[in-house]
Amino acid sequence: MSLNVLGSLAADGGGFQTPTSAEFYQPLWFDGPFAITRPAVVLILSVGLIAWWLIASTRRAAVVPGKGQWVTEGLYGFIRNGVARDIIGSKDFLRFVPLLFSMFILILVNNLFGVIPPIQYPTMSRIGFPIALTLVVYITYHYIGIKRVGVGPYFKHLVPSGLPGWIVPVIFALEVITFFITRPLTLALRLFGNMFAGHLLLLLFITGGQYMIVNGGIGLKIAGGGSYVMAFVLTIFEILIEFLQAYIFTLLAATYIAGSLVDEH
Amino acid sequence: MRDTKNERGTIVKGNIAILGYGLSAIGPGVGIGLIFAAYINGVARQPEARGMLQSIAILGFALAEALAIFGLVLAFVFK
Numbered sequence: 004m005s006l007n008v009l010g011s012l013a014a015d016g017g018g019f020q021t022p023t024s025a026e027f028y029q030p031l032w033f034d035g036p037f038a039i040t041r042p043a044v045v046l047i048l049s050v051g052l053i054a055w056w057l058i059a060s061t062r063r064a065a066v067v068p069g070k071g072q073w074v075t076e077g078l079y080g081f082i083r084n085g086v087a088r089d090i091i092g093s094k095d096f097l098r099f100v101p102l103l104f105s106m107f108i109l110i111l112v113n114n115l116f117g118v119i120p121p122i123q124y125p126t127m128s129r130i131g132f133p134i135a136l137t138l139v140v141y142i143t144y145h146y147i148g149i150k151r152v153g154v155g156p157y158f159k160h161l162v163p164s165g166l167p168g169w170i171v172p173v174i175f176a177l178e179v180i181t182f183f184i185t186r187p188l189t190l191a192l193r194l195f196g197n198m199f200a201g202h203l204l205l206l207l208f209i210t211g212g213q214y215m216i217v218n219g220g221i222g223l224k225i226a227g228g229g230s231y232v233m234a235f236v237l238t239i240f241e242i243l244i245e246f247l248q249a250y251i252f253t254l255l256a257a258t259y260i261a262g263s264l265v266d267e268h
Numbered sequence: 049m050r051d052t053k054n055e056r057g058t059i060v061k062g063n064i065a066i067l068g069y070g071l072s073a074i075g076p077g078v079g080i081g082l083i084f085a086a087y088i089n090g091v092a093r094q095p096e097a098r099g100m101l102q103s104i105a106i107l108g109f110a111l112a113e114a115l116a117i118f119g120l121v122l123a124f125v126f127k
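Listed in order, the protein sequences are those of chains P and R.
Residues in the first sequence are numbered consecutively from 4, following the working numbering.
Residues in the second sequence are numbered consecutively from 49, following the working numbering.
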C-alpha cells in the first residue's frame, strides 16, 4: 500500500530523489583530485576554532577555574584519566596524552559540525579524513612497538608463547592480519561509517519530509510531519553517536598503543 | 533510477546490496545486545565497578559494531 502511494508519487512529476553517497562530494573551488571541498574547509575551520578555544580558555588559568577553563579541564581530565591512564597504565601514559587529547577534540568538534546549523557537514563522512587520522595511530603504535623491542622480536611477540608448534603459523597469520589490516581498516571505517550513515539518514528524513509536505496529499502531509519528528529525534541520537564515536576512536587508539607497550600480547 | 509503472502498481527498483547490509546487521545487533546485557548485569551486581565495566563494554560494542559498518560500506561500494 504505502509502496504504491510512494510509487505513484514518484511516477508523476519530478519524483523524489533519494539522497545518495554522491551528495557528500561537494567541491567548492576547482575540481578533480585537487578540489578544495566543503569538508576540507570545515576541517580548517575546526582546527582554527579548537586552537582559539584552547588558548583562550587556558591563557589566564586560575586555581579556581572559570566556565571556559572548567570545560577544557573537564575534557582534558576525561581523556587523561579516563582513557590514557586507565588503558595505557600509569607508567608511561603521559607522553601519549597530547596525541589522544588532540585526536579526541578534533574528531568531536568535526562530528558535532554535522548537526550545528550553519555548517552541517560531518567532516569524517568523507573517507579520506578518517584514513588520515588512522594513519597517525597506525604509524604510532607500530613505531613504538618496533622501537621498544626491534623488528624481529616485534613480530615474534605477535604469537603468545607456549603454544604447540603446529598452530604457531596459523596464529601468526591471524595476528599479522589483525595488526596490519583489520585494526586500521575497522578504525577508519567505523568512524566513517557512523558519520556517513547518520548524516545520510538525517538527509533522507528531512528531504523526504519536505517532499511529502510540498507534493503529497493530506495523508502524506501528515506523514511528512512525522518524518520531521523522526529527523528531530535522530538529530538528538546523532549527537550521542558523535560523542560516542570520538570517544571510541580515542579509546581504541589508546588500546592499540597499550598493546604495543606491554611485554606479552 | 526511475520507477516504472505496470498495470498492478509499481515495480520496486533498488539496490540488492542494501539487503546485504540488513543481513550483516543481524549479528552485530545480537552481539551488542549481549554485551550491554552483560554490562547491566555487572553494574547491577557490583555498582562500584561501573567505571571499569563501562570502557570494556564500549570497547566490545565498538568491535562488534565493525561488522555492521563493513556491511554498510560494502552496500555502497557494490552499487
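Keep in mind the hints are simulated off the structure, nothing from the lab.
Be aware that one or more of the hints could be misleading.
Negatives, chain P to chain R, calculated, CB over 10 Å [claimed, not checked]:
no., residue
1, W32
2, G35
3, R151
4, G153
5, V162
6, I251
7, L254
8, T258
9, G262
Cut-off 20 Å, straight-line C-alpha distance, at most; resulting in silico cross-link-like pairs (SDA-like, lysine to any residue) [said to hold, decoys possible]:
no., chain 1, residue 1, chain 2, residue 2
10, R, K61, R, A123
11, R, K61, P, S24
12, R, K61, P, A25
13, P, K224, P, F240
14, R, K61, P, W169
15, R, K61, P, K159
What follows is a set of in silico ranges between Cβ atoms, one per label pair, in the way DEER data are often shown [to be verified]:
no., chain 1, residue 1, chain 2, residue 2, range
16, P, V179, R, V91, 32 to 38 Å
17, P, I58, R, L71, 47 to 53 Å
18, P, G69, R, I64, 20 to 26 Å
19, P, L31, R, I64, 32 to 38 Å
20, R, A85, P, A59, 42 to 48 Å
21, R, Q94, P, G18, 53 to 59 Å
Cβ coordinates follow ideal geometry from the N, Cα and C atoms, glycine included.
Okay, the hints, checked on the actual structure:
no.: 1; hint: W32; verdict: 26 Å, holds
no.: 2; hint: G35; verdict: 21 Å, holds
no.: 3; hint: R151; verdict: 23 Å, holds
no.: 4; hint: G153; verdict: 29 Å, holds
no.: 5; hint: V162; verdict: 21 Å, holds
no.: 6; hint: I251; verdict: 4 Å, violated
no.: 7; hint: L254; verdict: 6 Å, violated
no.: 8; hint: T258; verdict: 7 Å, violated
no.: 9; hint: G262; verdict: 12 Å, holds
no.: 10; hint: R:K61 x R:A123; verdict: 15 Å, holds
no.: 11; hint: R:K61 x P:S24; verdict: 18 Å, holds
no.: 12; hint: R:K61 x P:A25; verdict: 19 Å, holds
no.: 13; hint: P:K224 x P:F240; verdict: 24 Å, violated
no.: 14; hint: R:K61 x P:W169; verdict: 51 Å, violated
no.: 15; hint: R:K61 x P:K159; verdict: 52 Å, violated
no.: 16; hint: P:V179 x R:V91: 32 to 38 Å; verdict: 37 Å, holds
no.: 17; hint: P:I58 x R:L71: 47 to 53 Å; verdict: 49 Å, holds
no.: 18; hint: P:G69 x R:I64: 20 to 26 Å; verdict: 57 Å, violated
no.: 19; hint: P:L31 x R:I64: 32 to 38 Å; verdict: 35 Å, holds
no.: 20; hint: R:A85 x P:A59: 42 to 48 Å; verdict: 44 Å, holds
no.: 21; hint: R:Q94 x P:G18: 53 to 59 Å; verdict: 57 Å, holds
Violated hints, in rising order: 6, 7, 8, 13, 14, 15, 18; the structure is consistent with all others.
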